[in-house]
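2 protein chains.
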Amino acid sequence: MPAPQPIDLLVSGGTLLTLAGPAVTIDDAAVGVSGGKILFACARREAPAVIPRETLDAAGCLVLPGLVNTHTHLPMTCFRGLADDLPLMEWLHDHMFPAEAKHVNREMIYRGALLGMAEMILSGTTTCCDSYFYESSVVQAALDAGVRIVAGQGFIDLSPPGAAELASKAAAAEKFLSRWMPLSPMVTPSLFCHSPYTCATETLRLVKRIAVESGVSFMMHLSETREEVDIIRSRYGTRPVSYLERNGILGERTALVHCVWLDEDEMDLLAASGTAACHCPESNMKLASGIAPVTALLARGVAVGLGTDGCASNNDLDMMLEMDTMAKLHKAATSNPAAMDAETTLRIATIGGARALGLQDLVGTIEPGKRADLIVVDLRRPHLTPLYRPCSHIVYACRGSDVRDTIIDGKVVMRNRELRTIDVQKAMDDVREIAERVKKDGR
Amino acid sequence: MPAPQPIDLLVSGGTLLTLAGPAVTIDDAAVGVSGGKILFACARREAPAVIPRETLDAAGCLVLPGLVNTHTHLPMTCFRGLADDLPLMEWLHDHMFPAEAKHVNREMIYRGALLGMAEMILSGTTTCCDSYFYESSVVQAALDAGVRIVAGQGFIDLSPPGAAELASKAAAAEKFLSRWMPLSPMVTPSLFCHSPYTCATETLRLVKRIAVESGVSFMMHLSETREEVDIIRSRYGTRPVSYLERNGILGERTALVHCVWLDEDEMDLLAASGTAACHCPESNMKLASGIAPVTALLARGVAVGLGTDGCASNNDLDMMLEMDTMAKLHKAATSNPAAMDAETTLRIATIGGARALGLQDLVGTIEPGKRADLIVVDLRRPHLTPLYRPCSHIVYACRGSDVRDTIIDGKVVMRNRELRTIDVQKAMDDVREIAERVKKDGR
Numbered sequence: 001m002p003a004p005q006p007i008d009l010l011v012s013g014g015t016l017l018t019l020a021g022p023a024v025t026i027d028d029a030a031v032g033v034s035g036g037k038i039l040f041a042c043a044r045r046e047a048p049a050v051i052p053r054e055t056l057d058a059a060g061c062l063v064l065p066g067l068v069n070t071h072t073h074l075p076m077t078c079f080r081g082l083a084d085d086l087p088l089m090e091w092l093h094d095h096m097f098p099a100e101a102k103h104v105n106r107e108m109i110y111r112g113a114l115l116g117m118a119e120m121i122l123s124g125t126t127t128c129c130d131s132y133f134y135e136s137s138v139v140q141a142a143l144d145a146g147v148r149i150v151a152g153q154g155f156i157d158l159s160p161p162g163a164a165e166l167a168s169k170a171a172a173a174e175k176f177l178s179r180w181m182p183l184s185p186m187v188t189p190s191l192f193c194h195s196p197y198t199c200a201t202e203t204l205r206l207v208k209r210i211a212v213e214s215g216v217s218f219m220m221h222l223s224e225t226r227e228e229v230d231i232i233r234s235r236y237g238t239r240p241v242s243y244l245e246r247n248g249i250l251g252e253r254t255a256l257v258h259c260v261w262l263d264e265d266e267m268d269l270l271a272a273s274g275t276a277a278c279h280c281p282e283s284n285m286k287l288a289s290g291i292a293p294v295t296a297l298l299a300r301g302v303a304v305g306l307g308t309d310g311c312a313s314n315n316d317l318d319m320m321l322e323m324d325t326m327a328k329l330h331k332a333a334t335s336n337p338a339a340m341d342a343e344t345t346l347r348i349a350t351i352g353g354a355r356a357l358g359l360q361d362l363v364g365t366i367e368p369g370k371r372a373d374l375i376v377v378d379l380r381r382p383h384l385t386p387l388y389r390p391c392s393h394i395v396y397a398c399r400g401s402d403v404r405d406t407i408i409d410g411k412v413v414m415r416n417r418e419l420r421t422i423d424v425q426k427a428m429d430d431v432r433e434i435a436e437r438v439k440k441d442g443r
Numbered sequence: 001m002p003a004p005q006p007i008d009l010l011v012s013g014g015t016l017l018t019l020a021g022p023a024v025t026i027d028d029a030a031v032g033v034s035g036g037k038i039l040f041a042c043a044r045r046e047a048p049a050v051i052p053r054e055t056l057d058a059a060g061c062l063v064l065p066g067l068v069n070t071h072t073h074l075p076m077t078c079f080r081g082l083a084d085d086l087p088l089m090e091w092l093h094d095h096m097f098p099a100e101a102k103h104v105n106r107e108m109i110y111r112g113a114l115l116g117m118a119e120m121i122l123s124g125t126t127t128c129c130d131s132y133f134y135e136s137s138v139v140q141a142a143l144d145a146g147v148r149i150v151a152g153q154g155f156i157d158l159s160p161p162g163a164a165e166l167a168s169k170a171a172a173a174e175k176f177l178s179r180w181m182p183l184s185p186m187v188t189p190s191l192f193c194h195s196p197y198t199c200a201t202e203t204l205r206l207v208k209r210i211a212v213e214s215g216v217s218f219m220m221h222l223s224e225t226r227e228e229v230d231i232i233r234s235r236y237g238t239r240p241v242s243y244l245e246r247n248g249i250l251g252e253r254t255a256l257v258h259c260v261w262l263d264e265d266e267m268d269l270l271a272a273s274g275t276a277a278c279h280c281p282e283s284n285m286k287l288a289s290g291i292a293p294v295t296a297l298l299a300r301g302v303a304v305g306l307g308t309d310g311c312a313s314n315n316d317l318d319m320m321l322e323m324d325t326m327a328k329l330h331k332a333a334t335s336n337p338a339a340m341d342a343e344t345t346l347r348i349a350t351i352g353g354a355r356a357l358g359l360q361d362l363v364g365t366i367e368p369g370k371r372a373d374l375i376v377v378d379l380r381r382p383h384l385t386p387l388y389r390p391c392s393h394i395v396y397a398c399r400g401s402d403v404r405d406t407i408i409d410g411k412v413v414m415r416n417r418e419l420r421t422i423d424v425q426k427a428m429d430d431v432r433e434i435a436e437r438v439k440k441d442g443r
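Listed in order, the protein sequences are those of chains G and B. Heads up: the first sequence begins at 1 in this note's numbering, then just goes up one per residue. Heads up: the second sequence begins at 1 in this note's numbering, then just goes up one per residue.
If you are wondering where the hints come from, they were derived from the structure by calculation, not from laboratory data. Do not rely on the hints blindly, as some may be mistaken.
[Said to hold, decoys possible] Okay, derived cross-link-like pairs now, DMTMM-like style, lysine to aspartate or glutamate, Cα gap no bigger than 25 Å in a straight line:
(1) K440/B to D28/B
(2) K426/G to E436/B
(3) K440/G to D8/B
(4) K175/G to D230/G
(5) K439/B to E213/G
(6) K37/B to D144/B
(7) K439/B to D430/G
(8) K426/B to D8/G
(9) K440/G to D430/G
(10) K439/G to E433/B
(11) K102/B to E343/B
(12) K426/G to D57/B
(13) K440/B to E343/G
(14) K426/G to E433/B
(15) K102/B to E433/B
(16) K426/G to D144/B
(17) K440/G to E343/B
Please read all numbers here as calculations on a predicted model, not as lab measurements.
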């Protein structure tokens, strides 16, 4: 009999949903973690003998992979609820862009992002994909919070870019990538063009080329509104996805956010090219942009992830609620109650998102060798009683506040709802101070 | 200067949303309560001098009217998550009806209802409208929990009713009504026919007649699925609402639940007759029944309330989440982001629901003379920071678990998330015991 092995963390008891392979639940489970990685995930009676430095008792709880939020703009927590119930273009041009022009700076970015990190940890998100201005300040907040991040340096053209502007964009991209390279498991840099209607073709081609050369992901908002499709058609004589294809933008390291207005040919192009889609149902509903054809994308084998979008258009970062909405929305949209069942939904919010971000070998399931991103959901609550099927509870009954413990890269960043990496009171005060300035503005 | 008046309860500080008249927020507010009623609701500096028996400090919180859940089947908490991702008729006939046939009894009803009461109090619902078998046991749970209830004795025909069945229905209706008459502010009996496709015309006419004679509400599921409309058309040669009109079922004391498949004429009929509609967006989405034309009903002046439906088809009783979904769904359904704005949504979930249930003089707003049903929502949380506009936060960012205190009929039934009227552990254990029996059944 081997001597008990010392390990960093043991999550002991409870029901485990690994999502590795076909969905099976393991009752009275044990997950062992060391060096940031999962060592074992199995029934407790089959677990090796260990001496854990820290133990989490998960009796009465569900243990599942941490949630992957594939699209957000974390600093926009500073603008949460600033303007609602408006069309996208009015919301963007009359409210968000002016507020950003006036209030965005490195301090606002860091503070907003850190509060967003707190909200994500509290609601079970362990990996996020963010894009905003001064993205390195968002990365700093992620590192301080201990949240895994895919960070997209943002690009937008306010006027048609000349050679000088393109050179300065290339320099910015390279500076950002070199700052966060070589890759660490916690930070994956990427490049994010705002959209095909706010970026010139030369900008898209340049940024995609640098992404390919550096081996990082290229991301972009795409076909969020019908209006956008009309703009692209009148400007380039074709629909957005085929415009991207012509310019070499599609491919396995490209993830397109929203994908609301796609026709059949465009969906085929995404599938054939291995391009991923990030779906933000609540944001699309709130801005009345439309309903993305996600079940049709899944049927074609497109990698689909789920995202909350920024807090100014949702207005929260709660992936548990986003799952609930996504599952129900696609049943309604397809008139098929069997569409987007609970298990499919949970996979999209975990391994599906990891796949869309190119992190499928790192996270998204609980299996030996993967980084240890997992959450413990406390089921001993009235709204989660009784329990018949775990996936159903996670998708249709849980909300973020049911997450009791959050583990990222083997580190317990929240235990029993207490955050270990963030001073929540200070994080809230810091954002309130920014909001006071925004309010004084009359915005 | 008058001597300070002794009162039962003072809610002091915080931001008050009375919803009485145009939406205004009162900062640093005070709400005084005695004898179950609201005495004053105003700025603290304008409040009379009082000596409260109990005080709730609402600094940093929002104080608003308790939420009104206009449609649920509380005992179905026992079947929460038992069957999902199925078509309504399959879900109903292959899962719910068989589970009910085997497991429904007074004990199951009481236990399921009591757990539902706990969940409602924990998520800010102060009035519910329920219908199920053995409805008096649900009323007993409501009385024990201190939750205000409109309780509908249910009627359904398993075969065409003869004179004997009709007489027995009349006797059941009269027995139920006489048991809960005269009206108390806490319990309002009503009569609930399951649907026009499961009840014979004679049953509807009989039950409606008894409701009218007794001065209580008549309620029924209506036009939940397209299939149902087809059944009624083929059976009676007309659409459901005009079928009801011909039979004298419409009117101010009638509330119809779901109302998904209505044409323009039917909406006009509802408006002209003063018939109310209870909207259950999450249940309708989850069962893929369709999207009720709620904005069109509101435009016609129809009284619309919001409901969660039972826990077997949602799968929770959280009215905060139901508001969020409703607001976003109707923006998506109408392609209009200004549709179903936050304030409209909140009114539907409070005074709108009260109006649909005929309780608008009793509850739904915070104003002197009304019964004291109010909730205190704690905003000092990451996902509710910063605050620009209270209605926006309630609808788009809050979830039930943000409710800190719940007051019903002047009684603090939850203080700082601790329930005072229900032993939550026991309530959960009691329902788990029933669920074990259901599981043994293989259902």
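Does the structure break any of the earlier hints, and which numbers would those be? As far as the earlier hints go, 1, 2, 3, 4, 5, 7, 8, 10, 11, 14, 16 are violated by this structure, in ascending order.
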